[in-house]
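Chemist: As given, the protein sequences belong to chains A and B, one line each in that order.
Take 0 as the starting number for the first sequence in numbering that gives the first Met the number 0 and just add one per residue.
Take 0 as the starting number for the second sequence in numbering that gives the first Met the number 0 and just add one per residue.
Hints may be right or wrong, so weigh each one.
Derived lysine to any residue pairs resembling SDA-like cross-links, with alpha carbons at most 25 angstroms apart [unchecked claim]:
#1 A:K243 with B:V116
#2 B:K282 with A:N161
#3 A:K190 with B:K417
#4 A:K233 with B:Y246
#5 B:K333 with A:N178
#6 B:K291 with A:E165
#7 B:K336 with A:Y181
#8 B:K204 with A:P51
#9 A:K190 with B:K336
#10 B:K272 with A:N161
#11 A:K275 with B:V345
#12 B:K123 with A:N123
#13 A:K276 with B:P80
#14 A:K276 with B:V79
#15 B:K417 with A:T196
#16 B:K200 with A:L25
#17 A:K241 with B:P80
#18 B:K122 with A:L27
#19 B:K272 with A:I160
#20 B:K195 with A:N34
#21 B:K200 with A:D40
#22 A:K237 with B:K272
#23 A:K253 with B:K336
#24 B:K291 with A:D93
#25 A:K190 with B:V345
#26 B:K282 with A:K237
#27 A:K48 with B:S281
#28 A:K243 with B:L82
#29 B:K195 with A:L27
#30 A:K243 with B:P80
#31 B:K333 with A:C185
#32 A:K237 with B:Y246
#33 B:K272 with A:N172
#34 B:K224 with A:T179
#35 B:K282 with A:T196
#36 B:K272 with A:E166
#37 A:K237 with B:P86
#38 B:K122 with A:S37
Calculated directly from the structure, the hints in this document are not laboratory data.
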Amino acid sequence: MLKSLKFVSYIIFLCSIYSISYSQTLGLGRAATNNEVSAWDIDIRPDGKGLPVGSGSVIIGEELYTDNCSSCHGDFGEGIDRWPELAGGFDTLDSEDPVKTVGSYWPYLSTVWDYVHRAMPFGNAQSLNNDEVYAITAYILYLNDLVDEDFELSHVNFEEINLPNEENFYLDNRENLENTTYNNRCMQNCKKVAMITKRAVVLDVTPEEDMTENNNLDKNDNIQIASFDPNLVKEGEKVFKKCKACHRIGLDAKNGTGPHLNNIFGRVAGELRDYKKYSKNIKKLGQEGLIWNNETLISFLANPKKYIKGTKMNFKGIKKSDELDALVEYLAASTKIN
Amino acid sequence: MFKYGNEMVKKLKTSRRKFVVGSLAAGSALISSTKSIASNIDDKAITEMQPWNSELGDGVDANPYGFPSEYEKHVIRRNVPWLTADPTSSVNFTPLHELDGTITPNGLCFERHHGGVAIIDPKKYRFMINGLVDQNTIFDLSDLARFPRVNKLYFLECAANSGMEWRGAQLNGCQFTHGMIHNVLYTGIPLKDILKEVGLKSSAKWILAEGADSSAMTRSIPIEKAMDDCIIAFKMNGESLRPEQGYPVRLVVPGWEGNMWVKWIRRIEVGDKPWHHREETSKYTDLFSNGKARRFTWEMDAKSVITNPSPQAPITHGRGQTVITGVAWSGRGKIQKVDVSIDGGVNWAEARLSGPADTKSMHRFYFEFNWDGKPLLLQSRAMDDTGYVQPTKDQLRSIRGENSIYHNNGIQTWAVDKDGIAENVEVS
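Excised from the complex, chain A in its bound form (with noise of 0.2 angstroms):
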């Protein structure tokens, strides 16, 4: 008896280690709600799949499009310093200089919505909201002369733009025009002589490799934080993060689309010999004695276009106090540099 329910739960074993291993799925993860899939699927295709309900026009986005996207990339959409052009270049493509913006270049209008309401304005990725999305797309077109003034898109008339790009691209045919060819292993006599064409040093264009610096140095041990409150510069380090598409701070901090921020307090207002983008405004102001401390920073970062009028600082400003008290802190301790 007690043998033969040996055997029973032997063969029940069996069965079950059968079941494991040839069950069709592992039983792992959970159903994902609707809501979790709605926030996270936010991909647009070029045939429309995607794109949500609303619309903008080219006037609402001049207006957006200045105040998030121009320090990068221009008034007209030309591109401020390395930072991508998005308009213009066209007949460019096959001269020695091509000037791929999304105009000349891209394939969709969809890839615009797209990345713009992903990944943008850099720094704040997936703050525009779907209306504001394609009054800057709208934009994006007139910067391009691909519509008139006056137009509005949206979900409605999406489909009917198409880039004039569109056709000029094809698929990878390496495999029949490349490959094929690229098979010649020579290993005596494959050419005469071998003279030398082109050199890098001519050019002179490599990074410096400095050997005697001691490059493991941590950048941030020379900031004094000493006599600063460490929870709220540590806050303000998060508030910074707004700004740190265009400001550095730090040892080797340089100027990029705005100044660099070192020793911010106590800087007249728009004196940086190196820095070349002030706006008149700002230089007229400091000449008249502005100058950064925790009082003027407070008042500017609060509405920078307010307190400087045509200030070449595209940014709303930052509306709740704790943010602004932590963010000056934080310039105080971290911009000190010896």
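With chain A held as given, fit chain B onto it using these hints.
Modeler: Chain B only, in chain A's frame:
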């Protein structure tokens, strides 16, 4: 004048002086099979006591997570500041000339970010699969840890590696010309197992991989590749992924351009058409001189480079026994042969492959020879197991023009002068 070239010359002159003294004292040390004695000159490194011979060193926990010798501080990733507008959307380069073997150490794997390094709390990490599947599904890290996993060695090369060299020799150092590559042992789950777990619908033709970083990086990948060898990876070279390499989870797309290996991956959508997103239209498409562009150029062609000597790593020992080494790889399979030329590609000799290497991974090659001290034009040329032979840069340009940016796998030439200094050049 080329600045760090100067510094190298200075260093070389000192070391060459030493060499001359040594060889005068030793006679013709190069050829003779028995070693001569440098009489009267005792080596103080031997005859004098060194501090480490008698003093105690650090105890076991001085560095709970260890790092390289303080004498190796120059072995770091470097960037080329003028290439990009801002370091948060930029690239740096693996110091290939300082490495050997086939594995790239985690801290030296080059970085390419489009919105800075995302710092993800693993407790809040979620991985979603949705779209043309039987069940939209969420996994957390503990779910992923319960799938059967695999270990695979693969190279990752940025499609723009060597992209600055299309119009001619530009950057002087293999770190800068070829350093957008690393070779890592990944631990992870075959993507096909995860897709089977959620159940693919028959209309499934493409996947979209999406990152959780502030660029929300996306790439379209055909379902055939997803069901072939892609991996959802969470370990690199045995330890958790580094933040800059996608911690806690990244996609591995063996043999295909690095941009597709979405870091910080948070979602895969299954669909029936490609998405044509920014990184597969405005970027990572190869513009030809006629103004038309290739798209979906995913595979990385067979390629190789000599890492030593090279402009950052000159020959400092003078004539005689010399080791040439470098790396080779192919996105289509294994490297079958690597050939080396010391005369700019007139004559070639087969190099020796050594070290663990597999399909779509980096291979290490060596070529040892007796250098007569005359100038060299060094080249290497890879052949993969499809029979594809790495082309010259002129061969590539004859088909693609000079505006391609991406997929430059042409043969690299280093000119080595009589002092052992190497320079990036092109030859006829």
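Chemist: If you draw a straight line from the CA of A:K237 to the CA of B:Y246, is it 25 angstroms or shorter?
Modeler: holds (20 angstroms)
Chemist: Please verify whether B:K333 and A:C185 have alpha carbons no more than 25 angstroms apart.
Modeler: holds (20 angstroms)
Chemist: Is the straight-line distance between the alpha-carbon of B:K200 and that of A:D40 25 angstroms or less?
Modeler: holds (18 angstroms)
Chemist: Just to be careful, I want the Cα atoms of A:K233 and B:Y246 compared with a cutoff of 25 angstroms; is the pair within it?
Modeler: Status holds; Cα separation ~23 angstroms.
Chemist: Please work out if B:K195 and A:N34 have their alpha carbons no farther apart than 25 angstroms.
Modeler: OK: B:K195 and A:N34 at ~24 angstroms, within 25 angstroms.
Chemist: Has the given pair, A:K253 with B:K336, been kept, meaning a C-alpha gap of at most 25 angstroms?
Modeler: Violated, at about 47 angstroms.
Chemist: When you check the alpha-carbon spacing of B:K122 and A:L27, does it fall within 25 angstroms?
Modeler: Distance of about 17 angstroms is within 25 angstroms: holds.
Chemist: Just to be careful, I want the Cα atoms of B:K204 and A:P51 compared with a cutoff of 25 angstroms; is the pair within it?
Modeler: holds (24 angstroms)
Chemist: CA of B:K282 to CA of A:N161, is that 25 angstroms or under?
Modeler: holds (19 angstroms)
Chemist: Would you mind confirming whether the straight-line C-alpha gap from B:K200 to A:L25 stays at or under 25 angstroms?
Modeler: holds (18 angstroms)
Chemist: Does the alpha-carbon distance linking B:K272 and A:N161 stay inside the 25 angstroms limit?
Modeler: holds (18 angstroms)
Chemist: Quickly compare the C-alpha distance for B:K291 and A:D93 to 25 angstroms and report which way the hint goes.
Modeler: Holds, at about 8 angstroms.
In terms of the numbered hints stated before, the structure departs from hints 11, 22, 23, 26, 35, listed from lowest to highest.
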